[in-house]
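Chain F is fixed; fit chain S onto it per the hints.
Here is how the chains run, residue by residue.
Protein chains: 2
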Amino acid sequence: MATDIRETTGSQPKYKVIGSRPIRHDGTDKVTGRAIYGADVQLNGMIHGVILRSPHAHARIKSIDTSKAEAVPGVRAVVTCKDLADPGDRRVELGEGSIILKHLSANVLARDKVLYRGHAVAAVAADSVHVADEAAKLIRVEYEVLPPVLTVQEAMKPGAPLLHEDVFTDEMGEKSKQPSNVAKHFRHEVGDIAKGFAEAAVVIEREFHTATVHQGYIEPHNATAIWNHDGHVTVWCSTQGSFTVRQQVAELCGIPISHVKVIPTEIGGGFGGKISVYLEPVAAILSRKCGKPVKVLMNRTDVLEGTGPTPGSFIRIKMGADASGKITAAEAYLAYEAGGFPGSPVGAGAMCVFACYDVPNGRVDGYDVVVNKPRTNAYRAPGATNAAFAVETVVDEICEALKINPLNFRIKNGAKKGTRRVDGPVFPRVGMIESVKAIKNSEHWKTPLKGKYRGRGVASGFWFNCGLKSACSATVNADGTVGLVEGSTDIGGSRTGIAMQLAETLGITAAEVTPTVGDTDSVGYTDVTGGSRVTFATGWAAHEAALDIQRQMVTRAAKIWEVPAKQVKYIDGCLIGPEGKRFTFKELAAQINETGEPIIGRGAADPQQPGGAFATHVVDVEVDPETGKVEILRYTASQDVGTAIHPSYVEGQIQGGAVQGIGWGLNEEYFYDAAGTMKNSSFLDYRIPTCLDVPMIETILVEVPNPGHPYGVRGVGEVPIIPPPAALANAIYKAVGVRMTRLPMSPPNVLHEILAKGSSGQSR
Amino acid sequence: MATDIRETTGSQPKYKVIGSRPIRHDGTDKVTGRAIYGADVQLNGMIHGVILRSPHAHARIKSIDTSKAEAVPGVRAVVTCKDLADPGDRRVELGEGSIILKHLSANVLARDKVLYRGHAVAAVAADSVHVADEAAKLIRVEYEVLPPVLTVQEAMKPGAPLLHEDVFTDEMGEKSKQPSNVAKHFRHEVGDIAKGFAEAAVVIEREFHTATVHQGYIEPHNATAIWNHDGHVTVWCSTQGSFTVRQQVAELCGIPISHVKVIPTEIGGGFGGKISVYLEPVAAILSRKCGKPVKVLMNRTDVLEGTGPTPGSFIRIKMGADASGKITAAEAYLAYEAGGFPGSPVGAGAMCVFACYDVPNGRVDGYDVVVNKPRTNAYRAPGATNAAFAVETVVDEICEALKINPLNFRIKNGAKKGTRRVDGPVFPRVGMIESVKAIKNSEHWKTPLKGKYRGRGVASGFWFNCGLKSACSATVNADGTVGLVEGSTDIGGSRTGIAMQLAETLGITAAEVTPTVGDTDSVGYTDVTGGSRVTFATGWAAHEAALDIQRQMVTRAAKIWEVPAKQVKYIDGCLIGPEGKRFTFKELAAQINETGEPIIGRGAADPQQPGGAFATHVVDVEVDPETGKVEILRYTASQDVGTAIHPSYVEGQIQGGAVQGIGWGLNEEYFYDAAGTMKNSSFLDYRIPTCLDVPMIETILVEVPNPGHPYGVRGVGEVPIIPPPAALANAIYKAVGVRMTRLPMSPPNVLHEILAKGSSGQSR
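Quick mapping for you: the protein sequence lines, in order, are chains F and S. Heads up: the first sequence runs through residues 1 to 764, numbered per my numbering. Heads up: the second sequence runs through residues 1 to 764, numbered per my numbering.
Looking at chain F on its own, in the form it has when it is part of the complex:
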């Protein structure tokens, strides 16, 4: 049940392919089980690898004795961190940002310490996975167990157990003389915050806690590698970025990137969690050691304990507004779990925290804090959901205090063209206010919510979106179709969205394009599928490839017609020459091989203005005051999607993101015991929402074209995860009068607040 604002406003579609809903190119393969995922890779002579993981959350490794494992018949190789290249102290650029190589290396195979339960310590490859399993148990690791630290607040306390001896807070001129669990502290500031709060009629300050949650992709990690005798290694894996896997494997194994070929398989979800390598370098060095192809797979417990969830966090928000409802000042303290190694997404959280609003006076402090949990990783709009939960709850309190309709508050304060973010950038044309107005005009909002223990909440969210690099090539077939090779691994149907942009530029149909995701030897450098960048940037590269084809087809038509090329135009999928001369794309394609060389197009993109994405969600809930269980009655998500290339995919992204946000809001969390052992490391106990837990997510596509893209594309995938926890919190407040400041808002947590408040009645 989706509404497309472009349709409702009656404007005519400018495009023929863009905005239509063709069948996805990978659809048949996926619904019939033909698609090849990483676990499906079968190679002649392939053997199986198993990872030995730490039983301790924090311990020093005193020694590792692999001799008994190596002696097991059928065991071909045993590796530890010693088999990886010496990482030194280098910081390397990994497409999405720089990283300290030794941290990545020690996360793949622990070096001196284990820093979380499930941390990989060694690996065994054997003729059967069962032999490898048994042999791994024979590896004797001598540990000196240390006390774990599991939350940012504990970790930041003076005297807390230290994870790293060589990590110092070194930003902001605050370089500490002592090692610290705070890996980084940074600050963004604008205006005069004291003056701003002084001008406020109302100031709200609250503290929030969010739990560690996992991306919950359905396909566990996998990697298969052959280290060839010529020193070249080929890796098959499920990844969001074949080129970043190439680089990481090369760096960790100490070989040039061109000696690594990564063949990306189909991918069963990533959401940010399949960017860092885990198994790929291990499979590679196991193969190097035994000369055979080695496959390594994770099970669900490995995934939950051994890969990067997104951080739990501690957040303090203080906001003030004048009597008219104009925000005068805002301050945020964001402390995010990095897990065992530095690198939480607190930086992105700080960019997003106040970005929905025009904040004249603001300050954001960000802290990246190591704790004895898995090294955190990106998860759909990384860092932003935590922050929005806090900010949007505080906004709701301000609206309540000032008796202002929360949508009107957002319209009044909403970011627009020219608004400066607290961290610096100034917005181009964006659709924050449009997304709010779309909710205001929605049938959902206009329908009053009635009934006891029921409440309606709204929240907004912002994600900046990424640009980065993309490349593709395209070849014209004699039957008037085009083969497209692109470098973005396809998680959410992107190959079709990219193909549609190529088709639009060429004036052919999406079905006439055959898109292929290339391996790292076969396509130009392309950054990760993440940051909501693929449809934007790789789509642009495809558009460039189409323009390259257009130019060559113009030249070819001119040659055939024996006229100057400047007399030929490419219009609407046709070559138009003088004196009524005309070829359709198909007609000219059929003549290419008879009239000259084959026509192939190349395209690359390095777009600089991805255009931010804004979303506003409204949710109706009913809370069971006896159990604290929250039931969602209705949910509508409005979003500025720039230009919806394939509206079904956009709706799917919004629905999927909203459901993940709902899971984060209501259910999901890592339960740890005091020793740092995760107690719910299966999908039975780590409870992500099922279709029984959510209603149909209604979507409203608001199209404010991105001026920084030839087709106005904005990334759409990330922002829909941001508003749900806050919208739910605000709805719960309306339903039962308690302000939730801790995620998840699971039945025990909600019930606890209800009981603490001493009230089980509806607040008003």
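Bear in mind the hints are in silico, worked out from the structure with no lab data behind them. All values derive from a computational prediction rather than experimental measurement. Hints may be right or wrong, so weigh each one.
27 Å max Cα-Cα, derived DSS-like pairs, lysine-lysine [what the hints assert, rightly or not]:
{"#": "1", "chain 1": "F", "residue 1": "K440", "chain 2": "F", "residue 2": "K403"}
{"#": "2", "chain 1": "F", "residue 1": "K403", "chain 2": "F", "residue 2": "K446"}
{"#": "3", "chain 1": "S", "residue 1": "K566", "chain 2": "F", "residue 2": "K566"}
{"#": "4", "chain 1": "F", "residue 1": "K16", "chain 2": "F", "residue 2": "K586"}
{"#": "5", "chain 1": "F", "residue 1": "K82", "chain 2": "F", "residue 2": "K289"}
{"#": "6", "chain 1": "S", "residue 1": "K412", "chain 2": "S", "residue 2": "K440"}
{"#": "7", "chain 1": "S", "residue 1": "K102", "chain 2": "F", "residue 2": "K586"}
{"#": "8", "chain 1": "S", "residue 1": "K403", "chain 2": "S", "residue 2": "K452"}
{"#": "9", "chain 1": "F", "residue 1": "K289", "chain 2": "S", "residue 2": "K30"}
{"#": "10", "chain 1": "F", "residue 1": "K292", "chain 2": "F", "residue 2": "K137"}
{"#": "11", "chain 1": "S", "residue 1": "K289", "chain 2": "F", "residue 2": "K30"}
{"#": "12", "chain 1": "S", "residue 1": "K326", "chain 2": "S", "residue 2": "K446"}
{"#": "13", "chain 1": "F", "residue 1": "K292", "chain 2": "S", "residue 2": "K30"}
{"#": "14", "chain 1": "S", "residue 1": "K195", "chain 2": "S", "residue 2": "K412"}
{"#": "15", "chain 1": "F", "residue 1": "K318", "chain 2": "F", "residue 2": "K757"}
{"#": "16", "chain 1": "S", "residue 1": "K416", "chain 2": "S", "residue 2": "K446"}
{"#": "17", "chain 1": "F", "residue 1": "K30", "chain 2": "S", "residue 2": "K292"}
{"#": "18", "chain 1": "S", "residue 1": "K403", "chain 2": "S", "residue 2": "K440"}
{"#": "19", "chain 1": "F", "residue 1": "K102", "chain 2": "S", "residue 2": "K586"}
{"#": "20", "chain 1": "F", "residue 1": "K566", "chain 2": "F", "residue 2": "K581"}
{"#": "21", "chain 1": "F", "residue 1": "K450", "chain 2": "F", "residue 2": "K403"}
Computed far set for chain F versus chain S, every beta-carbon distance over 12 Å [what the hints assert, rightly or not]:
{"#": "22", "residue": "S176"}
{"#": "23", "residue": "E207"}
{"#": "24", "residue": "K757"}
Positions of the beta carbon are idealized from the N, C-alpha and C atoms, including for glycine.
Below, chain S without anything else, positioned relative to chain F:
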């Protein structure tokens, strides 16, 4: 023991990469058994297909009953010609020439008649190959057996059994009113042949017979196909041309080419025999019928009986020369076996027959004649070896009659720039005379041959080489290497020869290029690997891709230096800017991703002047007069190779071609019984030379650069097969005084001639 004329003449190499001998990129994979050939393809759920073949050389198919086969448990699909698309009467262009589709279709699965023993009639796919084998035997085919016709002379006789009711000789205005086994007759003429012969001091006219021979590639044919539920089919196979397989499968199955994706595997030899499809459409329709991936493999008997050998032939040559040794006239009658369907390589034979010489008055008649043998196919310089055996023997007789040194005769009459071929084309700069002079100057020629029953023979050969279409793309990696995707399946190491040309243009090393053979969805249209075109045309495409990269790197360097692009030059692998600014390729490559979009190059080629290749071979033999066995004592092959990109490969091509020509000359033939059954359908009985049968083939690389290529490349692969049979025949004559006019010159055939001559002594 190779000689490189460029070296011996003391000229300095112009190139850095071209002319060097880097390790082949596919070497490690091939020597370690890692390379994936068609038979190695394994797919989940894959089942196995088996072909039922005709036991008769000529029969009408009255009915096919597949019901018993279909009832066998484990059988998933049974197909006959009815499962292929109706081919109608269309003639289709297949890259290398046009073909009557119904003939191709009926060759893949017989329609109304079987036309040779081994002709495919039906196919079965089952869970195991053994079940499929058993089930195939249960297919009941009712045949009306017809008398076979096995040689061109029989087939051309009035009243001969007719293979086709609808084939008429229709060229030259001689359209017969009756169906005929002569599918085509054509004539090339130049000058006044009667006048030419009238001017001759000596005229020699002889008739020759050559046997049907097979390419003898070591890897049998194979195909694996998945027909997906969306109507798209993916085919893995060993082929010389992925795009021609795509087109043939599409045409035979009645689907657009873009619905077929061909993934070429590594290929264990083709020599022209892996261009036509045999198994690919059958695997496809079996898969369509059962919904599973189907693999079909041939064994050696299938290959010999069921795929295209090169034709046996009947040839009459008449040549005249004046007393000075100048050729005055030449006439050829070439009748080649087409096998069961029209399409022998007689056309190419007619282009080559007199092409080594300046023939002022000439006539060539070519006849394409159907016989009850497998449909013939290309085999290395198709058609030319047959013709050269005849012409070069006659030339030897003329030299003997005129008492002229055969090398001097060739220098006097040899084709050079401006010489017109009898079939029309006029030569650009070519190296016929240089190849002869190289032999004349060789240590081999200068070393007298002594001993009884020993003789030395020389012969020359010409192959026109092909151009056709090629495409590739290339991507620059941050470590200063380049990924190259090209469309030519690599039979003889071509990926390295192509990569070397890209490297030369970019000023990097061959090892810094990673070449990949792309599938039909991933690379631009590329014609078959054949006609000695790949290093020439695909190399040119790679050169174009390198130029495309050069242009972009110039622009990028200018951007970084903030100077106009026209002030930056790409020289010798470096970017040179004003005021001493300079980047090496590697330095700039490392900065690409930080300074703009990725750099990828595209290249395509449609070269028009492939440049003919000429070779002259000299061989010393000793004949055993008791058995007729010919032993090769020494063999030297000289060839104009244009520019030797990778001299080791060129030498390998010359050596391989010479050995195949030796096999053709001395041993190889299809033995048929009167019913048309091949009696030697295994490699035990079809005897190709082994390393014990031939000495080291010495090579002399003469480099006369092709003016029609940026690096002077000429195709080198085909011409070396042409001279050996004639050179051997001329050597045998010198050894034992008999003129061999029938191939092979196997011990029984040679002994027969010796006995017929009534002489076992050396002739002089």
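Against the structure, the hints:
{"no.": "1", "hint": "F:K440 <-> F:K403", "verdict": "holds (17 Å)"}
{"no.": "2", "hint": "F:K403 <-> F:K446", "verdict": "holds (19 Å)"}
{"no.": "3", "hint": "S:K566 <-> F:K566", "verdict": "holds (24 Å)"}
{"no.": "4", "hint": "F:K16 <-> F:K586", "verdict": "holds (17 Å)"}
{"no.": "5", "hint": "F:K82 <-> F:K289", "verdict": "holds (12 Å)"}
{"no.": "6", "hint": "S:K412 <-> S:K440", "verdict": "holds (13 Å)"}
{"no.": "7", "hint": "S:K102 <-> F:K586", "verdict": "holds (26 Å)"}
{"no.": "8", "hint": "S:K403 <-> S:K452", "verdict": "holds (22 Å)"}
{"no.": "9", "hint": "F:K289 <-> S:K30", "verdict": "holds (20 Å)"}
{"no.": "10", "hint": "F:K292 <-> F:K137", "verdict": "holds (22 Å)"}
{"no.": "11", "hint": "S:K289 <-> F:K30", "verdict": "holds (20 Å)"}
{"no.": "12", "hint": "S:K326 <-> S:K446", "verdict": "holds (25 Å)"}
{"no.": "13", "hint": "F:K292 <-> S:K30", "verdict": "holds (15 Å)"}
{"no.": "14", "hint": "S:K195 <-> S:K412", "verdict": "holds (21 Å)"}
{"no.": "15", "hint": "F:K318 <-> F:K757", "verdict": "holds (23 Å)"}
{"no.": "16", "hint": "S:K416 <-> S:K446", "verdict": "holds (25 Å)"}
{"no.": "17", "hint": "F:K30 <-> S:K292", "verdict": "holds (15 Å)"}
{"no.": "18", "hint": "S:K403 <-> S:K440", "verdict": "holds (17 Å)"}
{"no.": "19", "hint": "F:K102 <-> S:K586", "verdict": "holds (26 Å)"}
{"no.": "20", "hint": "F:K566 <-> F:K581", "verdict": "holds (14 Å)"}
{"no.": "21", "hint": "F:K450 <-> F:K403", "verdict": "holds (20 Å)"}
{"no.": "22", "hint": "S176", "verdict": "holds (32 Å)"}
{"no.": "23", "hint": "E207", "verdict": "holds (41 Å)"}
{"no.": "24", "hint": "K757", "verdict": "holds (55 Å)"}
In this structure, none of the earlier numbered hints is contradicted; all agree with it.
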